[in-house]
Amino acid sequence: MAITKINVGPIHPSTHGVLRLVVHLDGDTIVKVEPHIGFLHRGVEKLVETRMYMQSHPYMEKIDYMAPMSVDELYVATVEKAMGIEVNERAQYVRVVLLELQRIASHLFWVGSICNDLGQLFTTFMWGFRDRDMALRLLEVATGQRMFYVNMRLGGLARDIPEGFAEEVIEFLDYLEKRLKDYEKFIEKNPIFIQRMKGIGRLSRSEALDLGVTGQVLRTSGVSYDVRKNNPYYVYEKLNFNPVVLTGGDNLARYKARVLEIKESIRLIRNALGNMPEGSALGMPVKLVSPPLKNRMVTVSRENPRGEEMMYMVGDPQKPYRLSIRAPTFINLSALDYMARENRFADLFSIMGTLDLVMADVDR
Amino acid sequence: MKIDREAVEETIETMKKQGFEYLVKITAVDYVKNIEVIYFLRNIDKNQDFTLEVDLDPSDLWIPTIIKIHRSADWYEREMSEMFGIEIKGRKAKRLLLEKWDGRPSPLRKNFVWGQPYES
Amino acid sequence: MSIDSIIENAINSHSLAVSLAGLIAYGIVIAILIFAFSYFFGWFERKLIAKSQYRHGPTYVGKYGILQNFADLVKLLAKEIIIPENANKVLISLAPVVLVALNVFIIFLIPFSPALQASNLGLGLLLIFVVLGFTPIILFIIGFASGNKFSDISAQRSVLMLISYELPMIIVVATLALFTGSYSINGIIAAQARLPFAILMPIGFFVFFVAMLAELERPPFDTREADSELIAGWLTDLSAPYYALALLLDYTRMLLGGLLISILFLGGWDGPFLPAPLWLLIKAFLVAVFITIIRITTMRMRVDKILKFGWIWLMPLALLNMVITFFLFL
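Protein chains in written order, with our numbering: chain A, 1 to 364; chain B, 1001 to 1120; chain C, 2001 to 2330.
Hints listed in this document are in silico derivations from the structure and should not be mistaken for laboratory results.
Built from N, CA and C at the ideal position, the CB exists for glycine as well.
Some hints could be false.
Selected chain B positions facing chain A (Cβ under 8 Å, derived; list incomplete) [claimed, not checked]:
| hint | residue |
| --- | --- |
| 1 | E1021 |
| 2 | K1025 |
| 3 | V1029 |
| 4 | V1032 |
| 5 | N1047 |
| 6 | F1050 |
| 7 | L1052 |
| 8 | L1056 |
| 9 | W1062 |
| 10 | I1067 |
| 11 | H1070 |
| 12 | W1075 |
| 13 | L1098 |
| 14 | E1099 |
| 15 | P1107 |
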């Protein structure tokens, strides 16, 4: 049968941003997928070279608009490492709480949107959106902003969490734990969901390593690599953290991994709130003149909700000389071609959904 | 560790046999006098990271591909070649990944000054 | 006031005009009914879906947003008609109209009470399912006439769907007809006076219901207009007024599906206290609401799985239903 070429995107209901795919179909079977990216390429890496260290800080969050806090923190941590600044202990705990709340928000949104990709009528999408908004409200309470926080400062935070924040968070976590059972009933008990997800887009351990995928896609293929465990930062070591590692490597495993990660994050937040020391969590005020540089070349890795995000920075006294960002979704998207081959056209979108793409992160 | 570009393929292959089977990132830095290409490799079982650096002369910019060793190198190499104008030898030339570029200096090189309008 | 009696009257009294006037009046009543039902159901569906998703649904236009769909309709009708270059202009503008006309025609054939019916054709059931069988073919035509690849895929899926659910549905209907010994709808409803067929033959009811879901393009069988894959399938290139027609059609077909299920399996207009047409409409409405609840909860099945499901489950079940019916009751 002749090969049909279909152009999906840049504007399409389920490409999660501006992604264009040229899909080669043989009947209903995918022969090849060519992702065309770059529609959101803003040249962040170049822009950073022209600005002072803390001037480019607010721009960094826009790289990953589904989880801005994680990039916010990553950039500040990179600068901190270059300047040899220690983060005070309370700030470490607060950062962990905020990062995990952000992870929960990001994953809740994902759980909703995957059902939408599978053709549900926005029901789970709205549920996820609503619960995510509660997490965002908590972040707003803590930082003053709903989405783009710019809350990290060198050595600490711009503002400490307010009084009564811990109780509110715990209330939300209790609610969320109940809610997750609803999700389980609603989604996992649905035979059509299982039928559409099981065994689709399978990646074995060696394939996953070869393709360089990261985050849940890597961990569900049986590779135990979570930056929070393998290369711990802040207080993750003390918080009794177990990475979610599953075997199977298919869409269903990736779904389960994300739901389990929400549960793991709930546990982490509870532990962190329980052990949080008193004191000040404030960091240095923003100044154009930065502290002197200690290390010229630094590499910092963080476990973003989507996978391992890494920054490699070569510093100059006032500006970064070069900042290279390893985007987790960039490499996950490059594996889409391999994963989607020999699957049905309808499954392309569920596979793409489980990669959890954020196009701004792919293109930078 | 600094190596020559002729030794890149061989070194990375040896590293892969020793357990460094995960390629984290390939990137480059323009130091004006030379351009440094950096390979971040990782041994997941032993939890070790390793960095390989290759210095290139700006007048003779090419580096061999490692796509046969690590398939994940594909997009990294394309991005790097686009951003720094480094030719990747040994692989098919493909369409540009991120930008539609029209012969200006490559964007992440230091001779591309940000904010100045380009005159052809 | 049936067609037969009109013809009879016309032959006897040479006053065709009187009976024709009656028929036209009946047609107008049915048209108003269809529009009112579609409108009300459209609003109710939006509210129901909104409530299940913690939203409010339409609230702004009219009391409880009841005029929202009307506002949408006016907006759509006021828009420019754009027909893509690749599309077949005649087919793409004609087919949606034909589609609506066919579905309205089927509802016109359905009796609403022993007194309120356009025709008491002996072969009414057969005629209804013949006309119903045209719908996927017309969707297929629209898909190919649109001239874009998403609609093409939608058209291909339309055919696949056709061969997977149409046959079991017809077998169940044939079982019903053979069991009651009549192809007329009045006969089938009369046979359910004691016990509705939904209780008498549950397997047949299940098969027919699932097949009807597929016929109506409701989830989990909405692969033809799968919005997360095919943008909107055969609707992709329909311009605003045609799209409005297609939306109207969507609700008309819900009414049609509800009516057919209630007539064939739920006892038709039989029921205490209320007048017969009202009973039928209430049953049809409840069936439509049930279909909407399914729509809210399920994901979409893949088209090859539907084909498999149709031939591995629906087809044998339909045959089993036939065998059981004949051995137990005849």
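Tested hints:
no., hint, verdict
1, E1021, "holds, 5 Å"
2, K1025, "holds, 4 Å"
3, V1029, "holds, 5 Å"
4, V1032, "violated, 10 Å"
5, N1047, "holds, 5 Å"
6, F1050, "violated, 11 Å"
7, L1052, "violated, 13 Å"
8, L1056, "violated, 15 Å"
9, W1062, "violated, 20 Å"
10, I1067, "violated, 11 Å"
11, H1070, "holds, 7 Å"
12, W1075, "holds, 4 Å"
13, L1098, "holds, 4 Å"
14, E1099, "holds, 6 Å"
15, P1107, "holds, 6 Å"
The earlier numbered hints that this structure contradicts are 4, 6, 7, 8, 9 and 10.
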